[in-house]
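**Q** Next come the chains, spelled out residue by residue.
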Amino acid sequence: MARYDGYYLRRALPGIAVLVVLFLIPLITTFSYAFHDGMRPLMEIFEDGYTYRLLSFTLTESLLSALLSVLAALPFAAYFSRYTFPGRKAVMTLSALAFTIPTILVVLGFVIWYGNNGLLNDFLMRLTGRDHSVIEVLYSFRAIILAHVYLNFPIAFLLITQAWEGLSDTTEHAAYTLGAGRIRTFFMVTLPRLRGSIAAAFILIFLFCFSSFSIILVLGGNPAYSTFETEIYRRVHISVDREGAAALSVFALCVSSLLLIITGPGMRRRKAERRQRELIKAKGGTLAAAYALVLLILLFLLPPMLSIIYRAFYTKEGAFTLKAWNDIAEGGTGFMSAASGAVIASFVIASAVSLLSVFLGARIAMASAKRGSVLLPLLSSMPMASGSVTLGLGFSFLSAMIPFKSPLISLLLVIAAHLVIVLPFSVRTITPGARAIPALLPDAAYTLGASKRRTRRKVEMPFLYPYMRKAFAFSFALSLGEVNATLTLSDGRISTIPVLIYRMIGSYNYQGAAALGTILLAEALIIFAIGECGGKKNGIS
Amino acid sequence: MAYLEIKNIEKKYGSFNLSLSLEAGEGEFLCIIGPSGSGKSTLLSLIAGLEEPDSGSIILDGRDITREKIQDRGIAMVFQDFTLFPSMNVQKNIEFGMKMREKTKRRNLAANLLKLVGLEGYGKRSVTSLSGGEAQRVQLARALASEPGILLLDEPLSALDPPMRKNIRNAIRAIHDSLGITMLYVTHDREEAFSISDSIVIMNEGRIAARGSAEELYRHPSDLFTAFFTGEGTAIPAHLVFENMEGSVFFRPEEATISEDELDPSLYTMHVIFSGCEVVSCEFTGAGYMLGLNYKGYPLLCQSATKPRRKTVSLMILRESLRNLI
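Chains A and B are the protein sequences, given in the same order. Take the first sequence: its position 197, counting from 1, is numbered 197 in the working numbering, and each next residue is one higher. Take the second sequence: its position 216, counting from 1, is numbered 216 in the working numbering, and each next residue is one higher.
If you're looking for bench data, these hints aren't it; they were derived computationally from the structure. Owing to the predicted nature of the structure, the values given are computational and were not obtained by experimental measurement. Don't take each hint at face value.
Each computed DSSO-like pair below joins lysine-lysine, with the alpha-carbon atoms no more than 30 Å apart [as the list claims (entries may be wrong)]:
(1) K12(B) with K103(B)
(2) K103(B) with K124(B)
(3) K92(B) with K69(B)
(4) K69(B) with K99(B)
(5) K452(A) with K92(B)
(6) K452(A) with K124(B)
(7) K105(B) with K115(B)
(8) K307(B) with K296(B)
(9) K115(B) with K458(A)
(10) K470(A) with K458(A)
(11) K124(B) with K92(B)
(12) K103(B) with K452(A)
(13) K124(B) with K99(B)
(14) K323(A) with K89(A)
(15) K7(B) with K452(A)
(16) K458(A) with K311(B)
(17) K470(A) with K92(B)
(18) K89(A) with K458(A)
(19) K69(B) with K7(B)
(20) K69(B) with K452(A)
(21) K105(B) with K470(A)
(22) K452(A) with K12(B)
(23) K458(A) with K69(B)
(24) K296(B) with K311(B)
(25) K470(A) with K452(A)
(26) K458(A) with K166(B)
(27) K458(A) with K99(B)
(28) K103(B) with K69(B)
(29) K12(B) with K458(A)
(30) K105(B) with K124(B)
(31) K166(B) with K124(B)
(32) K99(B) with K452(A)
(33) K92(B) with K115(B)
(34) K115(B) with K103(B)
(35) K452(A) with K105(B)
(36) K115(B) with K166(B)
(37) K124(B) with K458(A)
(38) K105(B) with K69(B)
(39) K99(B) with K115(B)
Given these sequences and hints, build the entire structure.
**A** This is the structure we're talking about:
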């Protein structure tokens, strides 16, 4: 009796209220612009051929990026899920970083490494003796796809490797005993078993790229390459067409909701098999091949990031300098004058957002796990469907309605925007922990006379702690790297590190951007370490 | 007055309907057995407060606890599954439900309880490192530590290996006898129930089919369900044996005697004789043989010390051993 008296639901109410208020109010504001004047803005968007060109470009780049990421990942996954060798784990961990690395760092790393005057071209020019850039990748469709693959290849690689590792070999062995060769077995037996995981990785990457923003904006370098997100941003900040932006974001919301509904079934997690695959120790030729693959991964992943650090300390000509660092510390000119403020603001925002999102997210996760409710997960995934730029747009409309301006209000608006973007991820990260609590455990505590409160704190919460730590790290990283909403909402009063980096790239201050990028990278690495290690020893399975 | 009194309790789930009244005396060891789905675990959940009855009342030690919160009922429960709290070590688990505040007292009680369940020195162990049997012993100690008015045990041994079961079964009985605590023990294993309890309640389809000591239930079952649930036996239509009798007659395998020769009924006036039984199967049971016979198309089960050499035998049973059951 009274086992389900709404205790957990009541505790989740603040989080639900935050979701509803922070999601619905900006959205309604946006809708009111879009439906202004008898739906005229919306009708125009639906009738405009350009809208469908946007749609087709967004779909094309997302599908292509996802396809290439997955295809590139497959051979690597095949090796990594079969053999074990020293350094294998390190490469897997490095790949997991992709979930944490802010996109803006990829943009910056690409500009510095792959740029026409970038480090790679420097190196190749010296090697070939030419006096003009050897490879011209940047500011093109290819650059967008390459950056997306850079960001998502590790994700595909990691997800598929983990899934493949979890498939025991017995079925394949059975196929061999029935006379099937290796190739036939792979296509007839292994691939069908992997299909679900491959599809899940594909969909995840597709959705990432669908809402890609800073990569398109900077690396595309041409308004011809516009996605919904970048176009909404351009309309607000460049052509100052609020109604058009609002109408477009309503259209985009419809499309992405549709996509989420279509792809939803493909994202469902499969139950792990009881027996894991036994990894074979790589020797001789296999080991050499393994290291060749490792080298390929490292050569692809590391240079852009390392070049950020290099460029933070060296000028274009290769002379050592601490100018950028001095500027950050003492306040330089132009964008650099805002650098130290941005570093602090980013940290404050990310801390507030991650703490709040874990605090509220744990309560929502608990309530939804207890009730087995469908409504809560749906509610908490709504902000995912709407896209960050749309939310940023809503918040910027909202801020325009607030009569008085102050840095504090701007800061609070950024925190609110980040929170509503991050909270769904936090809930998703913590929910498996809440579901892992055996139903009988609280019952056992109640029969021993423990109150609901004591049972929750002593018995149930410990199951959530490892997941909450992960959610904290993930939320912190997401907020730290958030550009889409922050830039759209930005009124110039509050700058975060990624926004400042974006602006500095625009004004060719690569050194300053690299110094800030190095700080961002360091913070991301620390937060990644917090999320990955520690607490594993008392992990509850 | 009974210590635990369950009056006209009802609980409905779909087509399942639990409806019963039950009493247990203070310090009694009462076993509840029945096939799966008979409602025995539901009954425990109702007493514990994990489920709410549709109607009826539950009175424990003179106090109506039907609508009480789980926490205030003064019950403790040992579950079949692992319900130890993984975030705490063995000692913290045991201390979890203790009422006393003082630290040394808590520690001493925990140590004593561990000794009682045969796990002396296990206090600092992590509960995830325990074997199934050890975990059940810790569950038992933890339940006792909360000083319950009644201890409910819901198939506590079902997940364990048979030798381990016997071992812990004896420990539970010994603890009952030394503490004098009232225990309600649910199991589906009749051997377990026979060996451990003072009194047994047999449940079937949400109702109480019979209640009594193991001996009473085995020797004088009140209906066919109880007869078959408490042991092996044969039931054949009564009219085959006695004219004008309705229902079935039932007997246990050990109550029948076989003979390889023809028997003259006039010499055995106290007996009923089934002649011309075909031997269908013969299983060696250690102590003897369990014979499956065919009498006019009806299967009969009979115990025999020797292995019959003939294909056809006769069977005789004392008239008074034949029970007319429905």
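**Q** Taking 30 Å as the top limit, are the C-alpha atoms of K458(A) and K311(B) close enough?
**A** 69 Å, violated
**Q** With a cut-off of 30 Å on the C-alpha distance, tell me whether K470(A) and K452(A) pass.
**A** 26 Å, holds
**Q** With the threshold set at 30 Å, check whether the alpha-carbon distance from K105(B) to K69(B) stays at or below it.
**A** 27 Å, holds
**Q** Would you check the hint for K69(B) and K7(B), treating anything up to 30 Å between C-alpha atoms as holding?
**A** Holds: K69(B) and K7(B) sit about 19 Å apart, inside 30 Å.
**Q** Take a quick look at whether K7(B) and K452(A) sit within 30 Å of each other, Cα to Cα.
**A** 29 Å, holds
**Q** Verify the proposed pairing of K103(B) with K124(B), using a straight-line Cα cut of 30 Å.
**A** Cα-Cα ~16 Å, so holds.
**Q** For K115(B) and K166(B), compute the direct alpha-carbon distance and say whether it is at most 30 Å.
**A** 19 Å, holds
**Q** So if I understand the rule, the pair passes when the alpha-carbon distance is 30 Å or less; does K92(B) with K115(B) pass?
**A** With Cα atoms ~16 Å apart, K92(B) and K115(B) stay inside 30 Å; holds.
**Q** Measure nothing beyond the straight line between the CA atoms of K323(A) and K89(A); if it is 30 Å or shorter, mark the hint as holding.
**A** 38 Å, violated
**Q** What's the verdict on K452(A) and K12(B), does the C-alpha distance respect the 30 Å limit or exceed it?
**A** Given pair K452(A), K12(B) holds - Cα atoms ~27 Å apart, limit 30 Å.
**Q** Does K103(B) sit within 30 Å of K12(B), going by the straight-line distance between their CA atoms?
**A** 45 Å, violated
**Q** Given the hint that K458(A) pairs with K99(B), does the C-alpha gap stay at or below 30 Å?
**A** Within the cut-off at roughly 16 Å; holds.
Checked against the numbered hints given earlier, the structure breaks hints 1, 14, 16, 18, 21, 26, 29 and satisfies all the rest.
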